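Student: Listed here are the chains, written in short residue letters.
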Amino acid sequence: MALLKTIKAIGKYFYDIYDGVTSLARGMKVTGSYFLKPSSIVTQKYPENRATLKMFDNFKGELMLIHDENNKHSCNVCNTCARRCPNGSIEIIYKKVEGADGRTKKVLDKYVYHLETCSFCGLCVPSCDEFALKFDEEFEHAVFDRGKLTKVLNKPGSSSKATKE
Amino acid sequence: MYDFTPFIESITSYLNENLSPFWAGLISMVLLGVGILLFYAVLGLYLVYAERKICARMQNRMGPNRVGPGGIFQTIADLIKLLLKELIYIRNADSLLFNIAPFIVIVASIMAIGAIPFAKGLQAVDLNIGVLYILAISSMGVIGILIAGWASNSKYSVIGAMRSGAQVISYELSVGLALLGIITFAGSMQFSEIIASQEDGWWIFKGHIPAMIAFVIFLIAGTAETNRGPFDLAEAESELTAGFHTEYSGIKFAFFFLAEYMNMFIIAAVATTLWLGGWLPFHLFRWGAFNTVMDFIPPVFWFFGKAAFVIYLMMWFKWTFPRLRIDQLLALEWKYLLPINLMNLILIAFLTLMKWHF
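Chains as they are written, first to last, in our numbering: chain A, 1 to 165; chain B, 1 to 358.
FYI, nobody ran anything at the bench for these hints, they're computed from the structure. Every value quoted in this text rests on a predicted model; they were computed, and no experiment measured them. Not one of these hints is a red herring.
The calculated DSSO-like cross-link candidates involving lysine-lysine, where the alpha carbons are at most 27 Å apart (straight line), are: (1) B:K318 / B:K155; (2) A:K155 / A:K60; (3) A:K155 / A:K72; (4) A:K161 / A:K60; (5) A:K151 / A:K110; (6) A:K5 / B:K335; (7) A:K37 / B:K318; (8) A:K95 / A:K106; (9) A:K54 / A:K148; (10) B:K335 / A:K12; (11) A:K148 / A:K95; (12) A:K110 / A:K134; (13) B:K81 / A:K45; (14) A:K95 / A:K161; (15) A:K29 / B:K318; (16) A:K96 / A:K110; (17) A:K151 / A:K105; (18) A:K8 / B:K335.
Cβ pair distances, simulated, as ranges: (19) B:Y312 / A:L4: 41 to 47 Å; (20) B:I346 / A:T6: 19 to 25 Å; (21) A:L53 / B:R323: 32 to 38 Å; (22) A:G32 / B:T241: 28 to 34 Å; (23) B:K85 / A:T6: 56 to 62 Å; (24) A:E91 / B:K155: 49 to 55 Å; (25) A:Y15 / B:K85: 48 to 54 Å; (26) A:L53 / B:L342: 58 to 64 Å; (27) B:I251 / A:P38: 34 to 40 Å.
Calculated from the model, a selection of chain A residues having no Cβ within reach of chain B, i.e. all distances over 10 Å: (28) M55; (29) D57; (30) E91; (31) T117; (32) F120; (33) G122; (34) P126; (35) D136; (36) A142; (37) V152.
By construction, the Cβ of each residue, glycine as well, lies at the ideal position given by its N, Cα and C atoms.
Let's have the full structure, built from the sequences with the hints guiding it.
Tutor: Here it is as C-alpha cells:
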C-alpha cells in the first residue's frame, strides 16, 4: 500500500505541473487574443468622438421635465418628487390661479432643479405618477459659475396638460 | 559585415594619438559611461511606455494616447513630473541608508549592462566570466531593496523588502542552474564564445528539449528575480501599498521604477544571448538564399528584436497571471523548479558528453 501511495503522490506531482501549465496557457490565450485584436478595445477617445457619442438607455444625465410638441408638460404640482428627493435638489414653486369653475388650483410656476446637490439616485423619476420626469443624456456639467447649476426645468410659456384653461 | 570593432578601435587610436594615455583612457571611459547612461535612460523610459501600451491592449484599453502621436512622449512627461516633485524627508528614517538605497539598485543594473553584447564589437567589456559577472551583479540589487525597506521606518516597506529577499535568494538558484545548462553546452562563460558556439544554430534549437525546459525555467525565475509579473509580492499594491518603495517620492522613486524595467531588459538580454543566439541572424539549415537575406539585417536589430520578444513574453505573464502567495511562491521554487532544473542539468550534461546536440 505504501508503494501505491508513493506512486499516486508522484502521479499527482506531474499532474499538478500539467494542470498548472495548461490552465496558465488558457489564460495567456485570452490575453493574447485581446492583444492581437484591436476591435476588442472597449474604451473610447472622448473629446474626439463627441459628435458621434451615443449614451446607453437609462443613462442618468440631467433631470428633465418632458415637454410635448405643444409645449405642454404633465406636472400637476403634487410635490412627490420634491419630497422623495434625499438631497432636496428639487424645489417646486407654484402659483394659485382661479379656474373656470371658481375653485383655486395650484399651477406650476417654476420647477427648480439644483444640479449641484443632485446625487443622480433617480428616485424622482419613478415617484412621479404622471410620468413627467426623465433623465436626459447630458453629462458635461462643468460650468464656471455655481449659479448656472440651478436650473428651471419647465420651458418658458409651457403649461400643464392637467390644467384646463 | 556590420562589425563594430574597427569603429571602436578607430576612436581608441584617435584618442591615443592625440592625448597622453591617462587622458585617452579617461575620455574613453567617460564616453562609454555617458553612452551607457543615455541608453539606460532612453530604453527604460520606452520600456515603461511599451508596458503601458501592451497591458492596455491586454485589458481592452487604449493606453497612453495624449502626449505625442500614440502617446510616445507620455513617459518623458512623467519623468519631467517626477524630476520636479519634492523629495519628502521621512522623520525617523535612517537618512544615509534611505538615500543610498536607490543608487545601489540602479548601479547594480547599470553595471550589468556593461557586459551585454549588443552586436559584434559593441560590448563594453567582454569578460571571460561574463555570465557569472551578470549573475553576481544583478543579485546585488536586492541589497538595495532590503536597505530601502529597512531604512524607511515603515511596516509596509520592511515586509515588502523581506519578501523580496526571500524571493530573490530562492530564485537565484533556478536562474543559476538554468544558465549552467547553456554554459555546459557552450563550454564557456564568455559571452562572445557562447555566441560563437551558436553560429550553426541557436541553443534553444540545438539543445533539444532540455534547452527549452531551461529557457522556460529561466524566464520564470528571471521574472521572479526582477520582482515583477505574478511574483510582485515585494510591492503587492493591494496589501503593502507599494512595498519597499512606499516612502520614496520624486526621482528616487523613479530610480526604483527604472531599475525594475532595466532588470527586465537585462534578463531578456541574457536569455537572448544564451538561448536565442544573441545578435546572430536567424539561419535555416542549408537555405543559402534565405540565410543571405537574413545576414543583411544588422545584428543590433536582431539583438533588440529578440530581446523585445522575451520582454513581451514577460509582460504577457505579468498581465495574465494572478499574484502568488508567499507560500505558493516558495513551493513553486523548491518543490517544482529546483528538482526539474537539477534533472534537466544532468540530462544536458549527458547530451553534451555524448555530443548528441547538433
